[in-house]
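Two independent chains are provided; combine them into the complex using the hints.
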Amino acid sequence: MARIIVVTSGKGGVGKTTSSAAIGVGLALKGHNVVLIDFDIGLRNLDLIMGCERRVVYDFVNVINGEATLNQALIKDKRVKNLSILPASQTRDKDALNKENVGKVLEELGKNFDFIICDSPAGIEAGAMMALYYADEAIVTTNPEVSSVRDSDRILGMLASRSRRAELGLEPIKEHLLLTRYSPKRVEEGEMLSVEDVKDILSIPLLGVIPESQAVLKASNSGEPVILDTESDAGQAYQDVIERLLGETVEFRFLNVEKKGILSRLFGG
Amino acid sequence: MADASIEFKGSSFTLSVLHLKTSELADIRIDLDKKVAQAPDFFYLVPLVVNIEKLTCSIDYNAIKSLITEFNFTFVGFTGSVDKDQRKLIRELGFTFVNTTKAQATKINTTSSNISEKPIAVEKKVTKDNDSIAASPHTKLFTDKVHRGQIRSGQQIYAKDQNLVIIGSVSAGAEVIADGNIHVYGSLRGRAIAGAKGHHKAQIYCQSLEAELVSINGNYWLSESMEVHWGTPVYIHLTDSELTSSKLI
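Heads up: the sequence lines are chains A and B, in that order.
Offset between the first sequence (1-based) and this note's numbering: plus 132.
Offset between the second sequence (1-based) and this note's numbering: plus 51.
Quick caveat, the hints were computed from the structure, so don't treat them as lab data.
The reader is advised that the hints may include incorrect statements.
Calculated pairs, BS3-like style, for lysine-lysine (alpha carbon to alpha carbon, straight line, at most 30 Å) [as the list claims (entries may be wrong)]:
#: 1; chain 1: A; residue 1: 350; chain 2: A; residue 2: 317
#: 2; chain 1: A; residue 1: 317; chain 2: A; residue 2: 392
#: 3; chain 1: A; residue 1: 306; chain 2: A; residue 2: 331
#: 4; chain 1: A; residue 1: 306; chain 2: B; residue 2: 196
#: 5; chain 1: A; residue 1: 236; chain 2: A; residue 2: 162
#: 6; chain 1: B; residue 1: 72; chain 2: B; residue 2: 116
#: 7; chain 1: B; residue 1: 105; chain 2: B; residue 2: 116
#: 8; chain 1: A; residue 1: 331; chain 2: B; residue 2: 72
#: 9; chain 1: A; residue 1: 331; chain 2: B; residue 2: 298
Pulled out of the complex, with its shape left as it was, chain B reads as follows (with noise of 0.2 Å):
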């Protein structure tokens, strides 16, 4: 009957993978700064797999990480068919290696296609929450998870792949939380994250707005945003990316 606090699942990513084709650094620092000031926004952090496959002779790899993130990638670790002393040379000196999988690799066209590729390529992005947004429809419909009672100050309720109905309030110190819409048919006084997964459509309504925090797919709002409409029925979405209260009735 424990509630555990975290769980750990298995999940798929896809990562940017920098192929070396050069173990000398300084070739590496020039052409890696070409690239990202082509659109350094684009590269901003991007977790950043490094491929050592190509390289014929060894490298500094602590060189090679301060490298990455003095671009300010986010290194993530080493990866390619090495023999199992390299690996064992990389673990040891506290670096991840990630095994590959058979991932396509494609050319990112950045705004100037024209620079030579020579010593660096890129694979395919890697897709956060915020681009799923124009990459998957989401035009799905979810069904409604109904729940008939009040929410108690302290419990959770969530609709995984639904829309979540309440006939009832929802109290302080309480969540609800829905991958689709949120509807209160009473006061929500707590917190309601809809869209949970990245549903940036979903929306949150309810007959009186006194919640701590509302929040669609990750923007989200304190209490002292909501005072245009507190106390009374709205229903609130996103435009281009801003919460918006609208009174419902």
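Extracted from the complex, chain A is given alone in its bound form (with noise of 0.2 Å):
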């Protein structure tokens, strides 16, 4: 059985689908069997993420009315292989997605899939509860600043109660916080929440810390997940949450301000 994980957040522009398309990526690296599904219908960018867009012939919507076959839809990606996508639409109404239609399409998808990675729309309305709805697991994307973990503490409440194993009184949603753009410099200079702080408010796992980084802008533009740049610190973090997210305990990275020497005091870099 496919794990279905949503990475979320309430809050927009939080890293959900940096995070959505790093996550897959790495867990294909490391031989599952992925499919990425974009639940932003009208405002997709999954596939611009991970450097698609310009073979995207059917997409989600196409696939519940019928139009097209999950074969048709899905994309492999071209990079690493074990890994698709299946597109949101950009023209259409999120409105065509119902509980059912969501349901059988994510079935369907079981059967050839290790893990179902649902990169969910931003805010608390019906796309981002369709993307939750049938989850086992959620990546709670969050930025160490108040409104984030405001938000995330809002959708944690909704993971809590008007998901599918909620109604079901099933074992609860796995939850995980992933903690985006984090500056240990900042965090030093009491300008920005801690790891601590936003554990305290949230109190869910820790499922990693990703710096703010300059390589995930460039990953963005050119359609290469972060991921992938295993020399930036992004990258490297990426890599332990895939660690962890398959079970593996690893030391959190990147918290700390890093202590320059003399000799690189001296002569810079």
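In structure tokens form, the structure reads like this:
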């Protein structure tokens, strides 16, 4: 049975799509069959971040409406085998989605994939609710910033009460906290919420801390998920996230300001 | 699965009724003035229904309403067993006709009880929430409603006729409400409303006071009033209708 993971946040612009792409690629590189689904009907960007926007022929809504089969709509990633993307529609209305037809698509995908990663839209309206409804696990993407934390708290409430698991009284969705755009320097200066502050407010297990990194913008623009940039701090942080998702215990990196030794301070770099 | 924002329910209230024995507005005015002057605070904004049963001739309903409002009563409507046409007229004028129930008429004792009660008699006093403190004992013990886990932003939990125990924190933007006491084994960051139905002995306990609002029987504090014990374990209670916070440990 596939693990259905929703990447959600409540707040917009915190790194859901970036993280979905990175995590999808990372899991596929480890040999698992992964499908990434973009649930943001009308404002799709997963295909952009994955670099496959020119290959979109059919989309999620086409599949729902029976205008195309899943195989026709799924786009196989060129860099990583075992990875497919189901893009969202850009022109259609998200009213096309409902619980039954989404459930059917997920069931069919579950036959061929080990991981189904649902990239949720921002907000708490129908689109986001649809993305989280069937989830077994949730990665709550949060910036260390007050409104993001408040919105993540709200979405955690929704995960606990409006998901299929909640409605049927099954084991609750496994929640993970992914803290993105973290700047240890600003935390030290007291400008930014620390990991401990966020953990204290949200009280869910920490999956990873992704540092604020210029590599992310580069990655989006080039359509190469940042985890493929193995030199970058963000890329490496996502690698750690993959390990933890697969059950390994990995120490948290990039939490502290790097202390430069005297030589590097003298010679820069 | 729709979460309604309103609900209609039937309820009974005891309302004061002003029985008119004459349709002479001037006389009514004089006697009303005398009565209200005896205890103006007592009558201030009291909801009043006007009983017109004993009137032999028609009156100006609008004038009656204006008179009642002039004396700072809250005008509710007319009542009494009158014929259909009169009732129709009253409704057409835009006034409510309240159907009578069998309420006992008891005379209120105001400061000087030797005032002649000729044109006006006032029935049972209206009971408001705060007054029920003296009236009903509220000595019954509440059982506890226990919730294990966080109360997340946007969630609301109501312990009806119970105390509420939260084993976890209450996030900002969440509401915990109880008719009895509220205990939070964690941080209280949202709103806590205790004694929701009028229990003024209700208390609020938490391990860290960081609330947006706390209220006991309608008396509330916003966070600016919580500076003294902010962030520490406290219990909040009412002393003489004033909220007080005390160190817990």
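- Within 30 Å, alpha carbon to alpha carbon, are residue 105/B and residue 116/B? Holds. Residue 105/B to residue 116/B sits at ~17 Å (cutoff 30 Å).
- Take a quick look at whether residue 317/A and residue 392/A sit within 30 Å of each other, Cα to Cα. Answer holds: residue 317/A to residue 392/A is near 13 Å, not above 30 Å.
- Message: Hint check: residue 306/A vs residue 331/A, CA-CA at most 30 Å. Holds or violated?
- Response: Since the Cα atoms of residue 306/A and residue 331/A sit roughly 16 Å apart, the hinted pair holds (cutoff 30 Å).
- Is the straight-line distance between the alpha-carbon of residue 306/A and that of residue 196/B 30 Å or less? Holds: residue 306/A and residue 196/B sit about 26 Å apart, inside 30 Å.
- Query: Between residue 236/A and residue 162/A, is the straight-line Cα distance small enough, at 30 Å or below?
  - Reply: Satisfied, since the Cα-Cα distance of roughly 27 Å is no more than 30 Å.
- Task: Take the C-alpha atoms of residue 72/B and residue 116/B, compute the straight-line distance between them, and say whether it is at most 30 Å.
- Result: Roughly 16 Å between the alpha carbons, so the hint for residue 72/B and residue 116/B holds.
- For the pair we were handed, residue 331/A and residue 72/B, check the Cα-Cα distance against 30 Å. Judged against 30 Å, a Cα distance of about 71 Å means the pair is violated.
- For the pair supplied as a hint, residue 331/A and residue 298/B, is the alpha-carbon distance within the 30 Å limit? holds, 26 Å
- Restraint check for residue 350/A with residue 317/A, where alpha carbons must lie at most 30 Å apart: holds, 22 Å
In this structure, the one hint that does not hold is number 8.
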